[in-house]
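4 protein chains.
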Amino acid sequence: KNRGRILITCEDRPGIVAAVSEFLTDHEANIIDSSQYSTNPEGGKFFMRIEFECPGLQDRKAQLERDFKAIATNFQMEWKLFFVSELKRAAIFVSKELHCLRELLLEWENGDLVAEIPLVISNHSDAKEYVESFGIPFVHIPASKENRAQAEQQQLQLLDEYNIDFVVLARYMQILTPNFVSSFNQNIINIHHSFLPAFVGAKPYDRAFERGVKLIGATSHYVTNDLDEGPIIEQDIKRVNHRDQVEDLKKNGRIVERSVLVRAVKWHNEDRIIVHGNKTVVF
Amino acid sequence: KNRGRILITCEDRPGIVAAVSEFLTDHEANIIDSSQYSTNPEGGKFFMRIEFECPGLQDRKAQLERDFKAIATNFQMEWKLFFVSELKRAAIFVSKELHCLRELLLEWENGDLVAEIPLVISNHSDAKEYVESFGIPFVHIPASKENRAQAEQQQLQLLDEYNIDFVVLARYMQILTPNFVSSFNQNIINIHHSFLPAFVGAKPYDRAFERGVKLIGATSHYVTNDLDEGPIIEQDIKRVNHRDQVEDLKKNGRIVERSVLVRAVKWHNEDRIIVHGNKTVVF
Amino acid sequence: KNRGRILITCEDRPGIVAAVSEFLTDHEANIIDSSQYSTNPEGGKFFMRIEFECPGLQDRKAQLERDFKAIATNFQMEWKLFFVSELKRAAIFVSKELHCLRELLLEWENGDLVAEIPLVISNHSDAKEYVESFGIPFVHIPASKENRAQAEQQQLQLLDEYNIDFVVLARYMQILTPNFVSSFNQNIINIHHSFLPAFVGAKPYDRAFERGVKLIGATSHYVTNDLDEGPIIEQDIKRVNHRDQVEDLKKNGRIVERSVLVRAVKWHNEDRIIVHGNKTVVF
Amino acid sequence: KNRGRILITCEDRPGIVAAVSEFLTDHEANIIDSSQYSTNPEGGKFFMRIEFECPGLQDRKAQLERDFKAIATNFQMEWKLFFVSELKRAAIFVSKELHCLRELLLEWENGDLVAEIPLVISNHSDAKEYVESFGIPFVHIPASKENRAQAEQQQLQLLDEYNIDFVVLARYMQILTPNFVSSFNQNIINIHHSFLPAFVGAKPYDRAFERGVKLIGATSHYVTNDLDEGPIIEQDIKRVNHRDQVEDLKKNGRIVERSVLVRAVKWHNEDRIIVHGNKTVVF
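Protein chains in written order, with our numbering: chain A, 3 to 285; chain B, 3 to 285; chain C, 3 to 285; chain D, 3 to 285.
It should be emphasised that the hints constitute simulated quantities derived from the structure, not laboratory data.
Just so you know, not all the hints are guaranteed correct.
[To be verified] Pairs of lysine to any residue residues, derived as SDA-like cross-links and limited to a Cα-Cα distance of at most 20 Å, are as follows:
| id | chain 1 | residue 1 | chain 2 | residue 2 |
| --- | --- | --- | --- | --- |
| 1 | C | Lys253 | D | Asn42 |
| 2 | C | Lys3 | B | Ala20 |
| 3 | D | Lys253 | D | Phe211 |
| 4 | A | Lys240 | C | Arg265 |
| 5 | C | Lys268 | A | Glu249 |
| 6 | C | Lys281 | D | Arg241 |
| 7 | B | Lys253 | D | Gly113 |
Source: prediction; values computed, not measured.
Work out the full structure, taking the sequences as your base and the hints as a guide.
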């Protein structure tokens, strides 16, 4: 496939779009889709995502990267070039609640999530049979407060071994250490079972029930070292009412959690997200 | 019109529905709609709303009330009997932002909000001309931290004079004293411009922007003495994205605020809401 | 479990609720949830669903049924009595598109769809391995216009053998004969991939694309002999835009189809639906 | 204000974005927002909307237009250049149902619809007082099948006199002649009270009620000579249930109609819509 994508962040100033589009034209690439956003045309930050089609892309990758560097240097860009034919490799971390894992594998089987999923890691063994029925290796690594460092070392080694690009925490109930987070910076996607910033932390459905809210929600975000405070990728809600007990909130919540997480994973996988400070630009 | 409604709260135990429906049958009333809810069939709280049609209701009101007391005493009910033909009287409090007021008057003009609106009170005069164009009296009562007690006294006197049943705070930016709140207990409906409990207090849109949320919301609730902590009646949200600046959040928020407030006001007006602790049952 | 449900349809007249609730009180049953609806209090149709808790229900089933007959006869009711502990048995029919089947099994595994699923039938063998990984028997019965009668005979025999209560057409692309439909009257649930009545019949996504709609949808309905004209149970939509090609509509549509079908199946399974003419009452 | 917008339609081929962005850079304009879409990178149609900021735009308008012609000719573009400071002028046509008119004026008063509304025309006089309370001229032109040609002549003359850019049919219940439609080609926005293509034509709510749908909707579209068949701009729906009678569908529908129409009018007003065949591209 001859499809590529460029993600760019830099200071806004006139001429960026012209320079990039000229570069693509010069390399016989046709722009398929292009999105841009500026926090402020006068001295703000500029973000861009371009998807392009370039004949013979396989043989021109190195040259494209080399040639783009000149532009990037000129505009002091942070940038990434992706080749769509090189599928990203995701590892899923899961605990005892399997609905998010199941949704991810369902969409993956449907062909609606086009990535490789070569590894599932869990601190319990509940998911083992299910995961292996898809032909995916499942590794059980008991993890708790006590053995965190050791468990993470084992995990990081596996992620390295399997050549993993990004990690999906599909209701993985363990906290990660700064060491782990920095190893996969902006490449760990979590699902939190509330519409953040409401109900940060543990037991959000119990607290939502206590407060008597009429909506419950879920939030997918990149993991940082501040619990549930990372850049939000996607959120959604579901209407509940006075009849719904905590168990019903959880049941309804599972439906929101899995759709929100899958959307976030798809967008990450399609290079649609640029992190800026503690926010995301989602093109 | 021969339409009436009963709202009931009591301890759950067998026989309540039988007793109430027998009572209505005995008084030749036909049940049009009936909703019930129990927090727990074993020793929980029981809630019920019945709408009925009773021929010659106008002449039987007093008798119905008298006769129902026997049942109510037997089951130790809190209860209210409403006659649909007696329209509720609402006063709207407003400040400088008029979109919620406008929506209420729009629905009222359409005939979609069937109540009387004999009074609008504001601490500014911006709404005067608009309100009066509907033939509704507008009273300007400057209010601030400094003169709160005095302003409220004037307001309470007007509410009394106009025989007001409930008060709608349509983006009225003043805090009410416990004295005022207790005078209209469970009859003051506020609209807060966030999906509570996120962003309690001032400037929710600014804080939503800072946090980078992907949904903004609004919450309608009964006013208590704890700021933004009263029983939630209704909530809704609207999707936003990285392009939306604080001003855009406010603009989009206005659309949510007005629809959420109007739904809450309609439900209150149709006797659909029972407050229980710090929550609402909405039938 | 001591939980039961009664569904009632009859002519509306005063005294129905009183009679039914007295009956339950007399049998020491406590009403847990009750919903009713009347098309018209004067000479309309009356519908009711009551969920009750009755100590020692297992031993009193026969007596309850016998005693209720007197009331039912008096009010000329159509009625059904369900015991929640007797799980309904569903057969799923599927073709080559498996997303709806997968969603059903996912919710079933989560414990969010509480029924028995003892049988999956398909006119292709694509789903075989997946279904069997859940320990559910999978039967491949080739079906087409040509062998319809014969295939249906085989299907009906299996449904009988497995004691099936209702059939879910989870994107089963074959038309059923009147003979089959009448054997499972109001017990066959289909998912159609459009918001009916728009795009009745084949290729709805292609036609939605042609028309340039901004919403696509899905509709779950009971199957009758009029194609896509049966009583609608549930519908939902998803926003699309000009970028979405037919393939994207299908991809997005799959998400709507599966959630709409699962909701309909859950409601049917919880005895929440009464068919009336060509419409449904969903309590 | 120095804000401008360009809308472009042409055959897709490499170099378009480069040429346009270079043009803007050469004229010292900074791109604020840019959206593009191609039906097919190989020989498809290409659409683009660019919003730019250009210092001293007021004095350079003529030159910009002149210079852009060279590019437009080269790529055989259909194009339009808009200057944001030149507010569009809208005329609203209304009949007896005023909710859409009221919503438009509410958003206009809020400052959330930034256009000029110098004229309201109606075939009834119901809206007269309301419209004039906003200081907007109201003209009553009786219109029916019989006097259509004559009424339209009078309308067209007024539209000309008031220098109207586009017409909003805010539940105006008359059919327009091809002559009128061609005078404001792609500049007449209608609201139809169903989710098209369901329930084309008269009495959609009655038919929705008959069919027993669980969603009602509204569709905003450009008017063509085929009734309710013009390019769809926006659609939305609202959930209803078996309790809702035709009157309730209408009541709920009014809320959808007004929000859908206002969104369409805002998008048209912000030059976000390009018509292509019988569809719209909405950027």
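So, going through the hints one by one against the coordinates:
Straight-line distance between C-alpha atoms of C/Lys253 and D/Asn42 comes to about 19 Å, which keeps the hinted pair within the 20 Å bound. Proposed proximity of C/Lys3 and B/Ala20 is contradicted: the alpha carbons are some 24 Å apart, above 20 Å. Taken as a hint, the D/Lys253 and D/Phe211 pair is honoured in the structure, with Cα atoms around 13 Å apart against an allowance of 20 Å. A threshold of 20 Å between alpha carbons decides the hint, and for A/Lys240 with C/Arg265 the separation of about 14 Å falls inside it, so the pair holds.
At most 20 Å may separate the alpha-carbon atoms for a hinted pair to count; C/Lys268 and A/Glu249 meet this at roughly 16 Å. Proximity of C/Lys281 to D/Arg241 is assessed by CA-CA distance (about 15 Å); at most 20 Å being required, the pair is judged to hold. Pair hint B/Lys253 plus D/Gly113 holds up; C-alpha atoms about 9 Å apart against a cutoff of 20 Å.
Consistency with the previously given hints fails for number 2 only.
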